[in-house]
Amino acid sequence: MPLLQSQSAFPHDPQLLPTNTATIATTHQTPLQHYISALEAPLSNTNQSSSAATTWELEDSSLLPTFDDWLLIFQDYVGPNGIRATPFTYFDSDDFLTHFFQKPSILRLIQCALSASYTGAPEDVKVSYYKRARKALVRASDVMETPTVDTVLTLYLLYDFSMIEGQPVIGRQFLFMAGRLVLELGLHVDPDFESVSSSNDIFSEAALIQVDQMDEREKERRRRVFWGVVRALVSVQMLATDPFEFDQEMQGFWGTVDLTKVKGPQQVYAPHPVFAMEAVHIDCALFSLIYEIKRAYATPPVGTVQELIQSMETFGLSTRLATVHHSIPVDYFLLSTSPSRLTRPDMDRFIDQIKNARPVASILSLNLALLTSISVLHRPVLFLTSLPCCHPLILDDATRAVLTQCIQACVTSAYRIINLFLFSHDILKGVINPTTPLSTDVMASFHVSGGEFAVMEAMIVLWFVTCRMEGSWWPFVDVELRTGYQVLRGAFLKLGDMQRERGVEASGIIAPLVRCVEAMVREMDAVNGWVGGGSGSGGIGDEVDSVELGMKVMSIGGDEHNVKESFVADPWGYLGLLGMEVDGRVRWRGRTEDSWRLFWKLNS
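Just so we're aligned: 51 in numbering that gives the first Met the number 0 is position 52 of the sequence shown, and the numbers increase by one with no gaps anywhere.
To be clear, the hints were calculated from the coordinates, so they are not data collected in a lab.
Be aware that one or more of the hints could be misleading.
[As the list claims (entries may be wrong)] With a Cα cut of at most 30 Å, we get these calculated BS3-like pairs of lysine-lysine:
| hint | residue 1 | residue 2 |
| --- | --- | --- |
| 1 | K354 | K218 |
| 2 | K600 | K493 |
| 3 | K260 | K218 |
| 4 | K354 | K428 |
| 5 | K354 | K130 |
[Unchecked claim] Label-pair ranges, simulated between beta-carbon atoms:
| hint | residue 1 | residue 2 | range |
| --- | --- | --- | --- |
| 6 | S471 | D246 | 28 to 34 Å |
| 7 | S317 | R348 | 27 to 33 Å |
| 8 | T303 | D425 | 43 to 49 Å |
Glycine is no exception: its CB is placed at the ideal position from the N, C-alpha and C atoms.
Take the sequences, apply the hints, and build the full model.
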């Protein structure tokens with residue numbers, strides 16, 4: 000994947016764009032008034048394809064919009080205040096609620112499935128909406144023949160719902176379809192760029208006329224859908240166990256898309272803000288960096304451990320890390336006074352930073368990605384501290400300094416990741432009470448996207464330094480080990496809460512993470528606070544009864560015990576365990592694990 004360039008193309012401050020498009024409600028309205036407005040929206044605003052509009056085929060009754068469907072969306076978007084829809088990042092919630100009854104059935108139903116998930120509706124209701132959306136997709140053959148921006152949005156939301164349900168293998172099929180349609184519809188060229196008017200190789204004549212006639216709100220809808228798909232594609236590459244798995248699917252996309260040709264997300268007022276704002280360009284830069292690191296460490300060096308020690312500079316990864324981090328506004332960094340714990344002043348300062356960063360809503364997730372990038376860059380070298388050949392007393396000063404730096408970087412990042420994760424969880428659960436009450440939209444900023452993967456990376460680090468790292472390294476490092484052990488236990492309990500809250504089907508993604516952490520806690524309990532312990536039992540050995548952690552893939556709403564409906568795939572994460580075994584027998588499933596396991600054995 001090409002590196003992200005020209006960061007200046009993505010302004011940190013939202014640009015105010017003029018628009019003549021009216022919002023659905025500028026004054027307080029009752030739910031009934033909202034509903035009547037939606038019913039009275041003119042049919043000319045429908046986004047249905049021309050073939051659907053010119054045929055008189057009877058629609059399947061299960062695909063028709065109902066008042067219950069609309070009310071579910073209303074409760075999710077507007078809530079009890081009844082004033083206006085909550086702005087979202089990648090689509091126009093105001094427009095969707097107003098024109099609900101004119102929207103394509105696939106888009107309506109998948110939005111209902113997502114709203115059912117967010118509002119805590121019964122499991123059967125949520126799954127029913129998803130299955131109806133799948134049914135609508137199968138029936139609407141013309142949707143793929145004459146796709147629109149709504150088609151891309153629908154496929155993206157099908158992916159999003161699959162991820163919420165813990166089934167990324169299912170979701171990525173929809174995402175790759177969305178990526179192909181992004182190119183087909185020319186969403187990778189910003190409608191405001193002068194080159195659009197001469198882009199006959201991308202846009203048809205009819206499409207060019209349509210782009211020229213767009214108002215600012217419609218242009219921003221196109222940008223938002225584009226950035227949503229791009230962010231998801233980079234995320235999939237970053238989290239897949241095999242970093243080369245999707246090269247074939249992604250080659251055409253990244254070979255065509257130039258991220259500098261599309262403006263970053265900007266705000267539209269009508270008169271209220273239409274969209275939520277996120278630093279999506281920074282997310283993409285961080286995700287891309289982590290993906291590059293994963294590719295670099297997909298296989299161990301064929302030479303000596305010295306080659307691994309020099310790898311950060313050899314691959315230019317340290318420079319890339321510094322470049323990306325320096326592009327992030329200082330106000331977005333959430334840094335506690337001590338890396339190992341959060342004080343009340345730290346928490347109050349973080350709350351103020353998150354409030355002041357509005358309308359950018361994702362700085363918690365951004366910080367987790369930032370800290371994760373530091374950890375994954377240094378962890379392969381950190382793991383050398385378990386080898387006798389890397390005992391600190393037999394290394395030269397320069398090599399010892401590099402390993403010490405890697406230990407410090409990984410452990411400091413691990414503390415900060417877990418503390419931010421627990422901070423977010425406790426704010427949302429009401430365990431931590433802010434000095435002044437937070438509004439609903441500010442509270443939404445404390446939801447962390449993909450936090451479980453960052454926490455897993457942190458837990459691996461704290462487990463390793465407790466149970467695998469040679470104890471002789473501790474005099475060289477200023478780290479509070481016992482605090483780390485308690486932090487690990489607290490994060491494990493919260494991760495278990497997340498699995499229970501998200502339900503059984505979410506276990507596809509989270510279950511292997513939880514099982515791995517359970518094994519880590521067992522081993523750390525056995526160590527019982529003893530610093531060090533050498534390579535430990537099961538560090539690089541070949542256990543006959545090894546348990547390989549995989550991710551169960553099953554149809555959404557299906558029976559997880561039905562062998563025909565499920566199979567085991569490689570779990571998602573960052574670097575995995577790099578060939579290490581936890582508690583003497585637990586391994587991470589993935590094709591790169593065996594080669595790393597052999598590397599540790601040959602150098603032990």
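Hint check results:
{"no.": "1", "hint": "K354 - K218", "result": "holds, 28 Å"}
{"no.": "2", "hint": "K600 - K493", "result": "violated, 35 Å"}
{"no.": "3", "hint": "K260 - K218", "result": "holds, 14 Å"}
{"no.": "4", "hint": "K354 - K428", "result": "holds, 18 Å"}
{"no.": "5", "hint": "K354 - K130", "result": "violated, 38 Å"}
{"no.": "6", "hint": "S471 - D246: 28 to 34 Å", "result": "violated, 42 Å"}
{"no.": "7", "hint": "S317 - R348: 27 to 33 Å", "result": "holds, 29 Å"}
{"no.": "8", "hint": "T303 - D425: 43 to 49 Å", "result": "holds, 46 Å"}
Of the numbered hints listed earlier, those contradicted by the structure are 2, 5, 6.
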